[in-house]
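Asker: Its first residue numbered 1, the sequence shown is counted upward by one per residue in the UniProt record's numbering.
Worth flagging that the hints you see were computed from the coordinates, not collected in a lab. It is possible that part of the hints are untrue.
To be verified - DSS-like mimics (lysine-lysine), calculated; alpha carbons at most 30 Å apart, straight line:
id: 1; residue 1: Lys16; residue 2: Lys113
id: 2; residue 1: Lys90; residue 2: Lys160
id: 3; residue 1: Lys13; residue 2: Lys244
id: 4; residue 1: Lys160; residue 2: Lys142
id: 5; residue 1: Lys115; residue 2: Lys13
id: 6; residue 1: Lys160; residue 2: Lys16
Note that this is a predicted model, so its numbers are computed, not measured.
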Amino acid sequence: MPHFEFKCTECFKNHKADPQTLRCGTCSGTLSVKYANSKKQTSSQVGDGMLDMPVPLYSLSEYLSLGEGNTPIVSMPNISTMLETEIYAKLEFMNPTGSFKDRGTAMMISALKSKGVSEIVEDSSGNAGASVSAYATRAGIKAHIFAPLSAPQTKLNQIKIYGSILHEVDGSRDETTQAAEEFVENKSLVYASHNLSPFFIEGTKTFGYEIFNDFDREIPENIVVPVGNGSLYLGIWKALEELKEKRLIKTLPKLHCIQA
1 MPHFEFKCTE CFKNHKADPQ TLRCGTCSGT LSVKYANSKK QTSSQVGDGM LDMPVPLYSL
61 SEYLSLGEGN TPIVSMPNIS TMLETEIYAK LEFMNPTGSF KDRGTAMMIS ALKSKGVSEI
121 VEDSSGNAGA SVSAYATRAG IKAHIFAPLS APQTKLNQIK IYGSILHEVD GSRDETTQAA
181 EEFVENKSLV YASHNLSPFF IEGTKTFGYE IFNDFDREIP ENIVVPVGNG SLYLGIWKAL
241 EELKEKRLIK TLPKLHCIQA
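Go ahead and model the full structure; you've got the sequences and the hints to work with.
Answerer: This is the structure:
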């Protein structure tokens with residue numbers, strides 16, 4: 001029996017874990033990685049010191065890293081004084097391509113490479129596209145990145161510099177996704193969507209485990225998370241649930257989502 005599988009978050013049906021599968025075949029619900037038995041692969045290497053964080057890889061040799069994770073956490077004395085509480089910031093801009101997306105991308109691309117995938121499609125408004133471009137190139141995977149023309153030019157340049165094929169869409173973010181999905185269908189390629197991939201969420205879990213390490217095996221009462229589609233939030237929450245299940249923390253903190 002494999003040590004992990006997919007579980008639908010809506011109808012709760014279990015599915016074989018395949019990085020090319022993004023939705024439940026029964027109800028089209030979103031999928032989450034479920035660790036099926038006590039033989040799950042764990043790692044103290046993914047993200048550097050992850051306290052045996054379960055990872056959805058059959059061998060740690062499959063993990064492809066550019067040095068993501070283990071970002072510094074710093075105190076914010078001026079804001080702390082102003083708000084009369086201790087405030088800390090975790091410096092995610094120090095990840096290889098400049099955002100937390102590298103955490104999820106590393107796991108997603110590792111899973112795709114382990115299955116022999118050679119060409120993928122992703123859509124993004126900037127950060128995820130740059131991240132997938134960098135990691136796909138390192139993995140030897142040809143990547144097509146769809147991005148709206150309205151995306152910051154610096155991000156579009158970053159995607160191209162890392163070596164992927166950039167498809168600029170003169171339309172909204174939703175229209176960009178639609179264009180990517182149509183390209184996938186027409187070309188019979190793999191859709192490596194960071195918004196849907198269960199493996200991507202498993203990568204963002206490292207943020208939650210790192211916070212536990214950063215605060216000497218404790219968790220702050222409140223964590224403020226910037227959200228777009230919520231991949232960082234979901235990864236943090238899953239990490240916290242795992243820590244609680246291991247009885248390493250007693251209670252779950254409050255997570256506050258901030259969206260521009």
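Asker: Checking against the hints above, which ones are violated?
Answerer: 6
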